[in-house]
Structure formats: structure tokens, C-alpha cells
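Using the sequences and the hints given, assemble the complete structure.
Protein sequences appear in the order of chains E and X.
If you want this note's numbering, it's the 1-based position in the first sequence plus 230.
If you want this note's numbering, it's the 1-based position in the second sequence plus 230.
Check the hints yourself; a few may be wrong.
[Claimed, not checked] Coverage of chain X stretches by chain E, computed from C-beta distances (three or more under 8 Å per stretch; other residues unrestricted): (1) 461 to 471; (2) 630 to 639; (3) 648 to 657.
These are calculated hints, taken from the structure and not from any lab test.
Given the structure is predicted, the values throughout are model-derived calculations rather than measurements.
All C-beta atoms, glycine included, are put in the ideal place defined by N, C-alpha and C.
There are 2 protein chains.
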Amino acid sequence: MIEIKRFNSKDSDFDSNLEKLLSFENAQDDAVELTVSKILADIKQRKDAALIEYTNRFDRLSAVSGKDFELTQDHLQQSLTALPSSQRTALEQAAERVRSYHEKQLMHSWQYIDSEGTLLGQKITPLDRVGLYVPGGKASYPSSVLMNAIPAKVAGVKELIMVVPTPNGERNHMVLAAAAICRVDRVFTIGGAQAVGALTYGTETVPSVDKIVGPGNAYVAAAKRRVFGIVGIDMVAGPSEILVICDGRTNPDWIAMDLFSQAEHDELAQSILLSPDAAFLDQVMHSLNRLLTEMPRRDVIRASLENRGALIQVHDLDEACAIANRIAPEHLELSIEQPENWIDKIRHAGAIFLGRNACEALGDYCAGPNHVLPTSRTARFSSPLGVYDFQKRSSLIQVSQQGAAKLGEIASVLAMGEGLQAHALSAEYRYKN
Amino acid sequence: MIEIKRFNSKDSDFDSNLEKLLSFENAQDDAVELTVSKILADIKQRKDAALIEYTNRFDRLSAVSGKDFELTQDHLQQSLTALPSSQRTALEQAAERVRSYHEKQLMHSWQYIDSEGTLLGQKITPLDRVGLYVPGGKASYPSSVLMNAIPAKVAGVKELIMVVPTPNGERNHMVLAAAAICRVDRVFTIGGAQAVGALTYGTETVPSVDKIVGPGNAYVAAAKRRVFGIVGIDMVAGPSEILVICDGRTNPDWIAMDLFSQAEHDELAQSILLSPDAAFLDQVMHSLNRLLTEMPRRDVIRASLENRGALIQVHDLDEACAIANRIAPEHLELSIEQPENWIDKIRHAGAIFLGRNACEALGDYCAGPNHVLPTSRTARFSSPLGVYDFQKRSSLIQVSQQGAAKLGEIASVLAMGEGLQAHALSAEYRYKN
Numbered sequence: 231m232i233e234i235k236r237f238n239s240k241d242s243d244f245d246s247n248l249e250k251l252l253s254f255e256n257a258q259d260d261a262v263e264l265t266v267s268k269i270l271a272d273i274k275q276r277k278d279a280a281l282i283e284y285t286n287r288f289d290r291l292s293a294v295s296g297k298d299f300e301l302t303q304d305h306l307q308q309s310l311t312a313l314p315s316s317q318r319t320a321l322e323q324a325a326e327r328v329r330s331y332h333e334k335q336l337m338h339s340w341q342y343i344d345s346e347g348t349l350l351g352q353k354i355t356p357l358d359r360v361g362l363y364v365p366g367g368k369a370s371y372p373s374s375v376l377m378n379a380i381p382a383k384v385a386g387v388k389e390l391i392m393v394v395p396t397p398n399g400e401r402n403h404m405v406l407a408a409a410a411i412c413r414v415d416r417v418f419t420i421g422g423a424q425a426v427g428a429l430t431y432g433t434e435t436v437p438s439v440d441k442i443v444g445p446g447n448a449y450v451a452a453a454k455r456r457v458f459g460i461v462g463i464d465m466v467a468g469p470s471e472i473l474v475i476c477d478g479r480t481n482p483d484w485i486a487m488d489l490f491s492q493a494e495h496d497e498l499a500q501s502i503l504l505s506p507d508a509a510f511l512d513q514v515m516h517s518l519n520r521l522l523t524e525m526p527r528r529d530v531i532r533a534s535l536e537n538r539g540a541l542i543q544v545h546d547l548d549e550a551c552a553i554a555n556r557i558a559p560e561h562l563e564l565s566i567e568q569p570e571n572w573i574d575k576i577r578h579a580g581a582i583f584l585g586r587n588a589c590e591a592l593g594d595y596c597a598g599p600n601h602v603l604p605t606s607r608t609a610r611f612s613s614p615l616g617v618y619d620f621q622k623r624s625s626l627i628q629v630s631q632q633g634a635a636k637l638g639e640i641a642s643v644l645a646m647g648e649g650l651q652a653h654a655l656s657a658e659y660r661y662k663n
Numbered sequence: 231m232i233e234i235k236r237f238n239s240k241d242s243d244f245d246s247n248l249e250k251l252l253s254f255e256n257a258q259d260d261a262v263e264l265t266v267s268k269i270l271a272d273i274k275q276r277k278d279a280a281l282i283e284y285t286n287r288f289d290r291l292s293a294v295s296g297k298d299f300e301l302t303q304d305h306l307q308q309s310l311t312a313l314p315s316s317q318r319t320a321l322e323q324a325a326e327r328v329r330s331y332h333e334k335q336l337m338h339s340w341q342y343i344d345s346e347g348t349l350l351g352q353k354i355t356p357l358d359r360v361g362l363y364v365p366g367g368k369a370s371y372p373s374s375v376l377m378n379a380i381p382a383k384v385a386g387v388k389e390l391i392m393v394v395p396t397p398n399g400e401r402n403h404m405v406l407a408a409a410a411i412c413r414v415d416r417v418f419t420i421g422g423a424q425a426v427g428a429l430t431y432g433t434e435t436v437p438s439v440d441k442i443v444g445p446g447n448a449y450v451a452a453a454k455r456r457v458f459g460i461v462g463i464d465m466v467a468g469p470s471e472i473l474v475i476c477d478g479r480t481n482p483d484w485i486a487m488d489l490f491s492q493a494e495h496d497e498l499a500q501s502i503l504l505s506p507d508a509a510f511l512d513q514v515m516h517s518l519n520r521l522l523t524e525m526p527r528r529d530v531i532r533a534s535l536e537n538r539g540a541l542i543q544v545h546d547l548d549e550a551c552a553i554a555n556r557i558a559p560e561h562l563e564l565s566i567e568q569p570e571n572w573i574d575k576i577r578h579a580g581a582i583f584l585g586r587n588a589c590e591a592l593g594d595y596c597a598g599p600n601h602v603l604p605t606s607r608t609a610r611f612s613s614p615l616g617v618y619d620f621q622k623r624s625s626l627i628q629v630s631q632q633g634a635a636k637l638g639e640i641a642s643v644l645a646m647g648e649g650l651q652a653h654a655l656s657a658e659y660r661y662k663n
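Structure below.
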């Protein structure tokens, strides 16, 4: 029996129980911070020499030159060719769908001229160079390459540099094949804080980038936090989460498997089901117990469901939506009739899966939208990774003679009010001198 | 004589000199970090009680209840009414122009249906509640209220909470009047790390928010960095910068005053002029020396120009643009003929001022675009504050029966390739069961 929590929203202690269920502190580990700080400083100072030392040590390699870390486009193509055709086709189809969705996110420059003849606008420019971190070993996911590389390429990033560690020299061909499909420009077999340092400061071999994206372990996350400001970073993700709202009329095995699909990621992953139908919650509980034995990752799934999962009986779907907004989940499934009628009630969620067919796994791989989504309630203020994360805006201001007089007077009054006389004079010169 | 640096791009040591000129480390102060960490923990735990203690101590007040910190809408209206009519008009006109520009930034939801009948989209939602930090004392700028509050309101943020400390009980009426004009919903007279803590965790009096924006001192910046992740934050800004590119045919007094207008902010502010015309650089030097004596803030201006300013002779305007991209300045003035022909050469700048009339001061107050801009070379990867910072996106996925089969097969192959069997089964259930 899985010991998953069972709550009822009408219980007096529900609020505090929910609070406790959601609470997760991404505690910073002092030892990790210290190690990372040293590695970054060392890479900044000694560049390739330090990068070679750390990589040889941590990944048990014997590189003698920074050049030993670079994989050529031929390497990537070989990995693509070596792939079973079903996998290659699946990767290519997923890439095509992801590209097609993301193309709709492209921002375009605009400008207009106001009634005084002053031109105002917003110029859109892609980032010059982006670093994509891909974890090595068991958490090395080709889908992650697609989801990070494609928006960057669609944005028009000129040079996309991927880093992926190869512990003991082992390469993940599916990851390299994905890099080939996404036309990643350069790949280096480095990882950890030393890879983040190399991408931030540049070495003789690895060029410095303007932004670093992609998931990583605690060392990578700590390194990204530290270099933020020198380069841009994407979000530092917490454990993955799913919230399913079901009216009780979806096959309970489907819902159970959706909860598993989140739980199998990680013992800290969170799977929560809300339903107004108590009998349905019982059925899902039954499915969970029956199906668990078939799952190769059952130990992780059990730990995740028992640590952080919950089945919650709610009064009705309106209340379920209110609770969803409070949770602000990374993934939200609305496994209900006419889900389109409920979208407006959802304010906070990374991705919303509408209807009984739309399971999270489709979104994870190939529906089109990005699978890099805000976790740990950050959907209250942040968004999925997108093309917009690889484009930036510059304001444009061109002032007519008439505008210089009109705007200059306003600016002069306000600048004097703030005690900034040079600001005032700089504006006044344009229409008085 | 102002001892401002003078470089020539053809000198062999120019690259290293430029590097040195730009280098600025926003060093973290351990004592500040420790103080901030304690204050945040204390506010989280003791809420209003701690907030009252810190505020009374740091701002020399004698509040007895959290309610003592709230200013009513009547207070704000009184400040607006008390303002000289020239200031009120200037604030209102600036607000109107800023609003009009920012309305063009609004993002809108979209969706489409693919060839298999699967609906994909992006839903736009404003943030629920935003906190706006406004510094007290001498750096308390009403223009900052406009530039932060208006994009939030245009985005549709339901509740905008402003905090502004009142050291010794002194209120800045122009700041409060700006809050009235921007229809800020609630105002609390608190500041420092304790205000950031209150907005993050909520107290009995101050509601918790989803994002905190606005400038502040080292304590406020450290507090914002620490709470990032629990709430969203805007960028942590470095010293302000201007880069002027001039063809040598603008009135040198105008250019000198533009350099002053940046330098007068702060001894760490940076003003750099690029021109291919050596004689013009001499004229500007002359203007700087002549005009400095008239400036009330001449001590700050001199220190800033001598610490971090430079006049740089370049080969031509093409080279000037290349150097501008390397500097990625917060503000860039193209004080040249036909500036529109040069826009495409500029890839990295927060705001681009085109032509001889467009001085930075107009953009600081009233041209329309935001004056909160990326500093310290972060224009390579980030953008001006905008309406988009107060809206967020959720992905929408609704899968047809045909789509479930097609997408399910792709997802299943990729999930098995990644060793995630529950993901594969969850997708397969939708078309096999």
C-alpha cells in the first residue's frame, strides 16, 4: 500500500496541511557554495588549465588540451546516424513541432511617431551567444536539448554552445543526435561548475557567452546563481510538480499513471490530485497500488508519492481552481468536461493541459510548448522558457524639434524637482540654445 | 581642470584600457549580507512586531502598530493637491506619455489548432500583486514611481503596494503625488530590508506580493537577491551609464551637459564619449571644464568623470558602433547625422537616443519608454523594465483523439529512450486503452 496523504478541503486543518505539503526550501549547502566559489575563481584566472584539471578529476578523463573537449559536427552527425530510426524519427518530429510552436513567440520590433513628430519604438535583437548546459549520466535527456536549443535558434542566436559532461568518457548518443537536429554550433564535453565558469569567463578554448540555460545538479545551480549578472541565466528550477483536477469521469488508471509520470522523476517531485468525487479518489488510490508493481522506477515513485503527493477531495471544480491558483503548479491537468470553460479561472500555472487526452507526457516531449516551466509556485510571476528569453529589447527615442521643446519643459521641471540640474540643463539646451 | 581619461582606439593598449574602464565589480559586503539575512528571518517569524521595531529604529519613528505605516488615498491626494501646478502638470504629462508608450507592450493570449486538431496556445495573465520599492531621503525620485508603477498598472496588476521609508517622519510629497497619479493601491512608510521582508512574507498589516520592483540601497539590493525565487524581482541595478557617439557636429556644450547628467547621479556613474573627431573631443573637454563650475552637483560630477569617464577618439562611426556593442551601455546617444541609418549596427543597448535632440534626460522623465534599463553590460541579455515584466505566460495544450495517437507515439519512443516508463505509459493509455 502506498501511504499517500488524503485531505478534504472542508477539514478545519486543510489550510495548514496544504501549506505544509507545498513547503519546500531549496536550502543552500555551504559546502557546495564554497566549492563552487573556488572553482569559478580558478576557471576565471587559469582558464583552460583549470578546466582541464577539474574535468579530468571529476569526470575521470585524461585530456591534455582544451581542444580535447570539443566534439565536431561530424561527431554529432555520427550519433544521429547511429540512432535507431524510430528514435531519430521521434526526435525529428518532436523538434519540428516544438519549432513550429516557438516560431509563434517571436517578438518583432515596432515604432511609431507621436503627434509632435517624435519617434518612439522598441528594437528586438537576439542574443549573440548562448550556452546550453546538458547534464551527463542518468539525467541526460535529449528532450531537454530540444526544449532549450530550439527557442534559442528560433530567436536567431548566432552561436549556441552546448556543454555536456562525459563521465568516464561515456557519451549519450541520443543527446548528441538531438544537438545535431537542433543545429547546435559547438559542443564541449565539460560539466559542473567548471563548465559554467568556462561559459561565463571564457577560456582559450571555450568562448564566453551572454546567457546560460539548462538544468543541472546542485553545483551547476549554485554556479549559475553566482554568475548571474555577468551572464543571464534561466530560472533555477526546483523539483517538478503536477496538479491534476479531475471531475471523476476520467479512467482512474490514466490519472494514476499521470501522477506516476511526475513522481518517477525524483523523490522530491510532487503529484497532487484534486477531485470533488470521493469515490473517484478511492479508485485512483486503487489504481496507484495496482499499477505501482509494474513500474521499473517504483521505488522513486513510492518515495515521491509518500513524501510529497496528496489526493484531495474538494467541494467542487470552482474550489479546485482556487486551490490550483494557490499552488501555482508547474503542470496543471484539467481532466474535466469542457475544460475550455474553466481556463479563465486559472491564473497561475506553467502549462495547462486541457481535457482527458492531454497528459503531461505529451507536453514533456512533443506537443510543441516548452517543457522548461516555472516550479515551486514561481508560476505566480514567471513563464515557460521561450523564444523571448533569447531576444531582448532596446528602446528607441528620436525627438523632433517640436518634441524637444515640449518634452524638454516637462523634463526640466521634474529634474529640478529631483535636484538634478544637469538633467534639466541638458533638456533645456535642446530648445533654448 | 577635470582629469578625465582620454583614449585613442588605435593605441596598442586601447583594448586593455577599455576593459579596465568598464570593469566594475558589484562586490557583496559580508556585513550587509549578515544584517539582511537576520532582518529577513526576523520579519518572516515575528511579522509586524519585527517590522515596527526595525522601522522605529532605522527611521527614528515611534509607530506602535503596523497600521501606523499605512498612508491612505487621502494622504496621496493631499500631496498631489499641495504640489505647485507646474510640477503637477509635468508629472501628469509624463505619466500620460509613459502610459501611452507602455500600452504598446501589452502581450495578448493566442492559440491555434494544428492539422491533427490539437489546440496549442499561450495564455497571458497579469501578476496578482506587486510591491514597488521607493527609496527615501535624497534618492527619492517621483520619476521612479511613474516608471515602475505605470507598466504594472498597464499590465493589469490587481494590487500595487508601494513602500517608501520616511526617515524622521519626512514625506516626499512629489513621490506621494506620483503615487496618486499612478493609482498605486496601498502605500506603507517602511523601507530597507525589513520592507522587502514584509512584502515577501507578508505581515499582519502588509500583504505578501508576487514580485518586488524598484531601486534601493545596498541593503535593499541584498534583500531582493535573497528573496528572489520566493517572489520575482526586477534586475539588481549597477551604477548608471551613458555612452555618447558623436560625429563632431553637435554643440559641444550639449554633449558636455549630457555627460554631466549621467555623472551627477553618483560617483560611480559612467559617462563615455566616442568621436572620430579629435578637435571635437578637445572642444567637449573645454566645455566640461567651463560648465562644471556652474553645476551645483560639481563635486559628484567631477569624481564620476575622473573615476569612470572617458573621451575616446575612434577611427570612424563604424568602429564606434562596434565599441558600443562591446560596452553594451545602459543609455546610448547617437548624436550624428541620419542616425536611423546606424540603428541596425547597434545590437546591445538599453535605450538608444537617435539624433542631436534626443538627450538622455528626455528619456529619464517623459519621452515614454522606461528609464529602468539594464546596466553593467547586461543589455547583452536583458531589456528595459516593461509591461511584459508584469504579465506572464501559461502554455495551453488540448489534444484531439487523432493527436493523442500521433503525439503519444512520439512521446512514448522518447520517454523509453530516457528511461521514463510512466511517461511512456501515460501517453500510450490515451490511444491504446
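Violations among the numbered hints: none
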